[in-house]
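Numbering of the sequence shown is given in my numbering, commencing with residue 16 and proceeding in unit increments.
To be clear, the hints were calculated from the coordinates, so they are not data collected in a lab. Treat each hint with caution, since some may be false.
In silico lysine to any residue, SDA-like type, Cα no more than 25 Å apart, as pairs [what the hints assert, rightly or not]:
id, residue 1, residue 2
1, K115, N212
2, K76, E141
3, K244, N212
4, K76, E60
5, K76, F37
6, K76, A22
7, K115, T85
8, K115, E141
Please read these numbers as outputs of a predicted model, since none were measured by experiment.
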Amino acid sequence: MQTRGRALYNLIQMNWQEDSAFPVEPWQVEDYRSLATEELFSRLENLGISLDEERFISFAKNAASPEDLTETFWVEEEVEQFDQAYLLVFELWRRLLPEKQSLSIFCDQLDYLIDLYDQDLLEDEEILQNALSDLERVLDEHMDQGEDPHHVFEDVSLYCAHDLESFVYDYASEEIDQDHPMNASEIIDGFGPYITNDNWFEFLQLRLLANTDPDEADTMLARVIEQQKTRPDFELLLDIARF
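Please put together the full structure from these sequences, using the hints given.
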């Protein structure tokens, strides 16, 4: 499925960081967060969009997202220049309208925090935990409106470059490894309804139970192993073997 919002460029940047031979244009992988606000406006002007901070905010108040705002500004047919303008508009929106969160802005910040976490550069892990709590709240709001939880999670995931389901599992697993059972339990309980691969989360639950209710953990483990006989997941089986 195709990524949405800024996730495409976050994904391009991730691939390029892993393989410097990955073909990219400089504007696709530039760190826009490091650019001065004046530079962002200057580059927009070079693309034919003349704005200042006051006018930008005025236009943005009538737009639902950076994507909508870029569509408002752009009248040309050149796709590459539209994409360049979008990245500039996106960063200005993120910077100048922090109170106006769109789904793409929220998920971009989540991607950013996951990157820092994966690189051991996240100074305050509570920021990531709060972002995950916010994500859970977004998902819950949609589910409360009667939407299918798996479809909700899938739709939100399209705005993230990272594999959200894998990250949530890995993060909960690391919390268990670091003896943070309360944090792990909150993640497992909060995201459980949205995860498509139930066996992985059931394995996390039995790991949590192993120290407090070993008999129940053994029962759950037997059930997971039995399910693996009909539809084996070899990565999960490796985790079970290590457990």
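Do the hints match the structure? See the list:
no.	hint	in the structure
1	K115 to N212	violated (33 Å)
2	K76 to E141	violated (31 Å)
3	K244 to N212	holds (15 Å)
4	K76 to E60	holds (20 Å)
5	K76 to F37	violated (38 Å)
6	K76 to A22	holds (23 Å)
7	K115 to T85	holds (16 Å)
8	K115 to E141	holds (22 Å)
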